[in-house]
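Those sequence lines, one after another, are chains A and B.
Numbering-wise (the numbering used here), the first sequence opens with residue 1 and increments by one.
Numbering-wise (the numbering used here), the second sequence opens with residue 1 and increments by one.
Bear in mind the hints are in silico, worked out from the structure with no lab data behind them.
Any given hint could be a false lead.
Stated by the list, open to error - Computed far set for chain A versus chain B, every beta-carbon distance over 12 Å: (1) Val-13; (2) Gln-14; (3) Glu-17; (4) Val-19; (5) Thr-24; (6) Ser-28; (7) Ser-42; (8) Gln-44; (9) Asn-62; (10) Arg-63; (11) Phe-64; (12) Lys-73; (13) Gln-83; (14) Phe-91; (15) Tyr-96.
Said to hold, decoys possible - Cβ-to-Cβ under 7 Å is the rule here; a few derived chain B residues that face chain A: (16) Gly-42; (17) Leu-43; (18) Leu-45; (19) Ser-73; (20) Phe-74; (21) Thr-76; (22) Glu-106; (23) Ala-107; (24) Phe-109; (25) Gly-112.
We put the beta carbon where it would ideally sit given N, CA and C, even for glycine.
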Amino acid sequence: AQTVTQSQPEMSVQEAETVTLSCTYDTSESDYYLFWYKQPPSRQMILVIRQEAYKQQNATENRFSVNFQKAAKSFSLKISDSQLGDAAMYFCAYRYPYGGSQGNLIFGKGTKLSVKP
Amino acid sequence: DAGVIQSPRHEVTEMGQEVTLRCKPISGHDYLFWYRQTMMRGLELLIYFNNNVPIDDSGMPEDRFSAKMPNASFSTLKIQPSEPRDSAVYFCASSLSWGQRVVNTEAFFGQGTRLTVV
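Here chain B stands alone, though its shape is the one from the complex:
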């Protein structure tokens, strides 16, 4: 398996523009996470999905952020409109569960998308 694939690797955009980050989880994984990493705040969980259903989106900063998982192999994180304070590295990660117990409990991370909003 190619692992978790994120695109693009780097994104530079102007303030006010819409930005869409993409993620393809590892095949068969049923948990998908979006994290944001900054120097000031470290790794923050934005949202996570289980079987394509959003479970906890309390980390989403504000209404400008939205995430979708239309199927088991694809997720997007959208920022509209973008602001300079959104500049960060955004990680997608996936993991596998087995019924009621989470097995292979570690999350596998993509390479991240470095977003710069100017």
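So here's chain A without its partners, still in its complex pose:
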């Protein structure tokens, strides 16, 4: 069964600095999707970034980028120029792309990010 592990329960970063959140996963599949979701205090789950396993290029969305290491099964999120609004829980998630009985999203336990002014 696929698993997603986030080893950092909490992280802290100074405003305007860069922080990296770690995620590892376990799967026997070669094709899959990985995601980072943000959950601010409002509790709304917001998609931050998505990576397709067959693409070697790391995904980037403005200040958010990933370091996808397929062989190591590692998928870290880098937040550059951190802002106070980035303070939230961040969840790493995995999804098998072919739906059916394996079509669910599997989440890690989350990392709580604090941003200091």
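Chain A is fixed; fit chain B onto it per the hints.
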């Protein structure tokens, strides 16, 4: 589209009472998920549907929990009887697939229902 709509936003009920949570997925989405979030266990998948058919309900804690999806635009999660340990935030999410391959693979989440059982 208004996104995934869940109701109610908050529910406080007494132990032993029946609780029904409701979800309207994004129009056209064919996957629907129910998750439960607690501090201790994080986000747990309870059940998910594909084309209104339950695919995996192995995450449903026990027989007190049941979920239905009578049509493509509505799903319910029912707890009967409710217990204090059921207190959590319950999320509904939906996503879209295209034939045999899941496209737009991210799930879109509702605002969640915070359930408190006293």
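Assertion that Glu-17(A) lies outside the chain B interface [Cβ separation over 12 Å]: 27 Å, holds
According to the definition I'm using, a residue is off the interface if its beta carbon is farther than 12 Å from all beta carbons of the partner; does Gln-44(A) meet that for chain B? 6 Å, violated
Hey, does Gln-14(A) actually stay past 12 Å from chain B on C-beta? Fine: 26 Å to the nearest Cβ keeps Gln-14(A) off the interface.
Compute the least Cβ-Cβ separation between Tyr-96(A) and chain B, then decide whether it is above 12 Å. The claim breaks: Tyr-96(A) does not keep its Cβ more than 12 Å from every Cβ of chain B (closest is about 8 Å).
Hey, is Arg-63(A) genuinely clear of chain B, shortest beta carbon separation above 12 Å? Nearest chain B Cβ is 19 Å from Arg-63(A), so the label holds.
Would you check whether the claim that Lys-73(A) is not at the interface survives, using Cβ distances to chain B and the 12 Å cut-off? 18 Å, holds
Are all C-beta atoms of chain B more than 12 Å from that of Ser-28(A)? Holds, since 18 Å exceeds 12 Å.
Answer holds if the nearest beta-carbon of chain A is closer than 7 Å to that of Phe-74(B); otherwise answer violated. Where the cut-off is 7 Å and the nearest Cβ of chain A is about 20 Å from Phe-74(B), the hint is violated.
Would the stated hint for Gly-112(B) survive a check requiring a Cβ distance to chain A of less than 7 Å? Given a least distance of 5 Å, the restraint on Gly-112(B) holds.
Restraint satisfaction for Glu-106(B) [CB to CB of chain A, less than 7 Å]: 5 Å, holds
Hey, does the Phe-109(B) contact hint survive, CB to chain A under 7 Å? Cβ of Phe-109(B) sits 4 Å from chain A, so the hint holds.
Confirm or reject the statement that Gln-83(A) sits farther than 12 Å, beta carbon to beta carbon, from all of chain B. 22 Å, holds
Going down the numbered hints, you'll see the structure goes against 7, 8, 14, 15, 19, 20 and 21, while the others check out.
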